[in-house]
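Trainee: Given next are the chains, with one letter for each unit.
There are 2 protein chains.
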Amino acid sequence: MSKKALCIMSGGMDSTLAAFMMKEKGYEIIALHFNYDQLTQKKELECFENISKALGVKNSYNLDLDFFKQIGASALIDESIEVPISGVEEGVPVTYVPFRNGIFLSIAGAIAEKEGCSVLSIGVVEEDSSGYPDCREEFINSIENSINLGTATEIKVKIEMPLVNLKKSEIVKEAIKSNVPLHLTWSCYKNSNKACGVCDSCRLRLNGFNVAGLSDPIEYV
Amino acid sequence: MSKKALCIMSGGMDSTLAAFMMKEKGYEIIALHFNYDQLTQKKELECFENISKALGVKNSYNLDLDFFKQIGASALIDESIEVPISGVEEGVPVTYVPFRNGIFLSIAGAIAEKEGCSVLSIGVVEEDSSGYPDCREEFINSIENSINLGTATEIKVKIEMPLVNLKKSEIVKEAIKSNVPLHLTWSCYKNSNKACGVCDSCRLRLNGFNVAGLSDPIEYV
Numbered sequence: 001m002s003k004k005a006l007c008i009m010s011g012g013m014d015s016t017l018a019a020f021m022m023k024e025k026g027y028e029i030i031a032l033h034f035n036y037d038q039l040t041q042k043k044e045l046e047c048f049e050n051i052s053k054a055l056g057v058k059n060s061y062n063l064d065l066d067f068f069k070q071i072g073a074s075a076l077i078d079e080s081i082e083v084p085i086s087g088v089e090e091g092v093p094v095t096y097v098p099f100r101n102g103i104f105l106s107i108a109g110a111i112a113e114k115e116g117c118s119v120l121s122i123g124v125v126e127e128d129s130s131g132y133p134d135c136r137e138e139f140i141n142s143i144e145n146s147i148n149l150g151t152a153t154e155i156k157v158k159i160e161m162p163l164v165n166l167k168k169s170e171i172v173k174e175a176i177k178s179n180v181p182l183h184l185t186w187s188c189y190k191n192s193n194k195a196c197g198v199c200d201s202c203r204l205r206l207n208g209f210n211v212a213g214l215s216d217p218i219e220y221v
Numbered sequence: 001m002s003k004k005a006l007c008i009m010s011g012g013m014d015s016t017l018a019a020f021m022m023k024e025k026g027y028e029i030i031a032l033h034f035n036y037d038q039l040t041q042k043k044e045l046e047c048f049e050n051i052s053k054a055l056g057v058k059n060s061y062n063l064d065l066d067f068f069k070q071i072g073a074s075a076l077i078d079e080s081i082e083v084p085i086s087g088v089e090e091g092v093p094v095t096y097v098p099f100r101n102g103i104f105l106s107i108a109g110a111i112a113e114k115e116g117c118s119v120l121s122i123g124v125v126e127e128d129s130s131g132y133p134d135c136r137e138e139f140i141n142s143i144e145n146s147i148n149l150g151t152a153t154e155i156k157v158k159i160e161m162p163l164v165n166l167k168k169s170e171i172v173k174e175a176i177k178s179n180v181p182l183h184l185t186w187s188c189y190k191n192s193n194k195a196c197g198v199c200d201s202c203r204l205r206l207n208g209f210n211v212a213g214l215s216d217p218i219e220y221v
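Top line first, the protein sequences correspond to chains W and A. Each residue of the first sequence is one higher than the last, beginning at 1 in our numbering. Each residue of the second sequence is one higher than the last, beginning at 1 in our numbering.
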């Protein structure tokens with residue numbers, strides 16, 4: 001069995017913890033990051049590189065997906081759509097990027113085939129999340145099946161989503177317990193030096209620390 | 001029901017016929033083409049544009065997928081791997097691009113969601129093909145399910161693959177019968193003004209015309 005895991009890492013808390021969990025299981029980590037003209041592209045890439053170093057990653061892919069801009073349709077890419085700051089609402093928010101994880105996982109499937117990885121990790125969180133349809137366990141299981149049907153290799157890829165059923169507070173506790181360097185991570189949707197504290201992503205993160213009774217090591221405005 | 005079909009069009013014979021079949025069914029066609037640093041990128045794009053004109057397309061996406069070069073691992077992208085010219089062999093050939101149709105369909109799924117398309121077409125051919133795993137009906141059905149699970153819209157996307165069970169000779173006959181402008185299409189894997197006639201793709205095309213008892217309107221070396 002291959003002991004290589006391809007870990008999709010955004011630079012955020014969830015995918016960082018997922019990658020550290022794969023390392024803890026003994027996998028050699030191949031790190032995968034995507035730039036898709038998101039507002040926080042530069043900051044996320046910097047975090048990805050620092051986290052990769054902390055993980056001891058030797059092989060990494062940093063892919064430019066410029067075409068996302070041509071698809072648009074999200075506040076995270078299209079600067080004419082405002083990032084909401086008044087609280088997490090019901091339904092699919094304007095920060096939703098159409099089928100982002102589907103595209104990410106398909107590209108990851110191609111790399112996993114090329115590199116002979118038996119595992120692919122993604123930090124999706126279903127329940128305590130922003131309500132994106134491509135963060136649901138049922139979707140991830142379906143695309144795992146698609147990847148295995150559509151690739152040539154004899155190695156079957158298993159998509160690990162160790163956080164899918166956790167609450168943000170549980171993720172915070174688990175990360176702190178495992179010495180995951182959360183000070184190197186970035187969750188905010190806005191492009192600034194300090195996290196805004198009021199976008200959906202900051203709210204979910206801060207609430208997680210709050211419920212866990214722990215304090216967030218990153219700086220807020 | 002939406003009457004828009006998003007048609008993935010490479011500039012080749014199969015995807016061209018598939019798009020004309022969608023038009024015949026009454027759909028408004030949105031054309032989608034991918035540049036992925038394939039050897040024949042320039043030629044394929046030229047064909048795509050001419051075919052789109054012939055189809056009367058008003059809305060089209062021409063996306064640059066530069067990251068394919070970073071994945072590599074195919075004779076169609078990596079110039080250090082020779083395109084075979086001695087005949088179609090058993091198994092997955094070196095021209096296979098890892099999970100290409102998986103990536104194409106995921107991106108198409110995002111655009112279909114944004115544009116509100118109820119149908120997405122792809123010109124895959126399973127039996128009489130080059131033996132790529134991501135051209136099989138079972139795979140396409142699986143990724144259709146993944147796209148519908150992972151996207152937000154209420155519209156369900158149906159992936160149409162009208163040629164999947166046809167032989168190349170049947171595709172040629174159908175295209176000629178329906179006045180599809182085959183002289184505008186390109187199938188050759190090599191980058192030249194005239195088709196080489198000896199790569200797998202040329203061989204499959206020429207054999208199709210031969211079995212159909214028809215002559216190919218494009219020029220060969």
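Errors might be hidden in some of the hints.
[Stated by the list, open to error] List of simulated lysine to aspartate or glutamate pairs, EDC-like, C-alpha gap at most 20 Å:
1. K43(A) / D66(A)
2. K69(A) / D66(W)
3. K114(A) / E24(W)
4. K194(A) / E46(A)
5. K114(W) / E49(A)
6. K69(W) / D64(A)
7. K3(W) / D37(W)
[Stated by the list, open to error] Pairwise CB distance ranges (calculated):
8. K42(A) / K58(W): 43 to 51 Å
9. E219(A) / L45(W): 45 to 53 Å
10. N207(A) / N62(W): 57 to 65 Å
11. V221(W) / N191(A): 50 to 58 Å
12. K158(W) / N62(A): 34 to 42 Å
13. G56(A) / A152(W): 58 to 66 Å
14. N193(W) / S178(A): 55 to 63 Å
15. L214(W) / G116(A): 42 to 50 Å
16. Q70(W) / P181(A): 56 to 64 Å
[Stated by the list, open to error] What the simulated footprint calls covered on chain W by chain A, stretch by stretch (three residues with Cβ under 8 Å from a Cβ of chain A suffice, anywhere in the stretch; the number is not a length):
17. 45-58
18. 102-108
19. 190-197
For the record, the hints were derived by calculation from the structure and aren't laboratory data. Only a predicted model underlies this, so the values are computations on that prediction, with no experimental measurement involved. Idealized CB from N, CA, C, for every residue including glycine.
Trainee: Against which earlier hints does the structure fall short, listed by number upward?
Mentor: Of the numbered hints given earlier, those the structure breaks are 3, 5, 7, 8, 10, 13, 16, 17, 19, listed in rising order.
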